[in-house]
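Participant: Use the sequences and the hints to build the structure in full.
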Amino acid sequence: QVQLVESGGGLVQPGGSLRLSCATSRSLLSINAMGWYRQAPGKEREFVARITRTGTTHYLDSMVGRFTISRDNAKNTMYLQMNSLKPEDTAVYYCNLITTGGMEYWGNGTLVTVSS
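Heads up, the numbering used here is the position in the sequence shown plus 53, with the first residue counted as 1.
Treat each hint with caution, since some may be false.
Ranges between beta-carbon positions, derived for each pair [claimed, not checked]:
(1) Thr107 / Asn136: 22 to 30 Å
(2) Asn161 / Gly95: 13 to 21 Å
(3) Met156 / Asn126: 16 to 24 Å
(4) Asp114 / Gln92: 12 to 20 Å
(5) Met156 / Gln66: 34 to 42 Å
(6) Ala127 / Gln54: 17 to 25 Å
(7) Gly69 / His111: 19 to 27 Å
(8) Gly95 / Glu157: 22 to 30 Å
(9) Ser169 / Thr107: 16 to 24 Å
(10) Val58 / Lys139: 25 to 33 Å
(11) Ser168 / Val55: 27 to 35 Å
(12) Ser168 / Ser78: 30 to 38 Å
It is worth saying that the hints were derived from the structure and are not from the lab. Predicted model, so just to flag it, every value in this text is computed and none were measured. Even glycine gets a Cβ: it sits at the ideal position worked out from N, Cα and C.
Facilitator: Structure (structure tokens):
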């Protein structure tokens, strides 16, 4: 069983920044990809960003230039640096992991609220 623990959410003013973290019990060198998804109130969960085992990154178009996904293999932790936050970025952010065997795991989510 793979555990994913998100942290770093909170309340931030528009234009502010937050860094989310996702710590896993699994070595990042043994996974296929890790990513971030988010779900705003009343909306479907949507893809935000992904980083593959080889370090390739992918982003939702609207995140390019504002969000940066990264990882620390030594700490088995993935990060999402979020800058220039907007009220529409308010959502629960979920960590996602896909193993090389195709198994998929989710964290419990961390709430990000962008409001003045």
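Participant: Take the hints in turn and mark each one as holding or not.
Facilitator: Quick rundown of the hints versus the structure:
| no. | hint | result |
| --- | --- | --- |
| 1 | Thr107 / Asn136: 22 to 30 Å | 25 Å, holds |
| 2 | Asn161 / Gly95: 13 to 21 Å | 20 Å, holds |
| 3 | Met156 / Asn126: 16 to 24 Å | 20 Å, holds |
| 4 | Asp114 / Gln92: 12 to 20 Å | 18 Å, holds |
| 5 | Met156 / Gln66: 34 to 42 Å | 39 Å, holds |
| 6 | Ala127 / Gln54: 17 to 25 Å | 22 Å, holds |
| 7 | Gly69 / His111: 19 to 27 Å | 25 Å, holds |
| 8 | Gly95 / Glu157: 22 to 30 Å | 24 Å, holds |
| 9 | Ser169 / Thr107: 16 to 24 Å | 40 Å, violated |
| 10 | Val58 / Lys139: 25 to 33 Å | 26 Å, holds |
| 11 | Ser168 / Val55: 27 to 35 Å | 33 Å, holds |
| 12 | Ser168 / Ser78: 30 to 38 Å | 33 Å, holds |
Consistency with the previously given hints fails for number 9 only.
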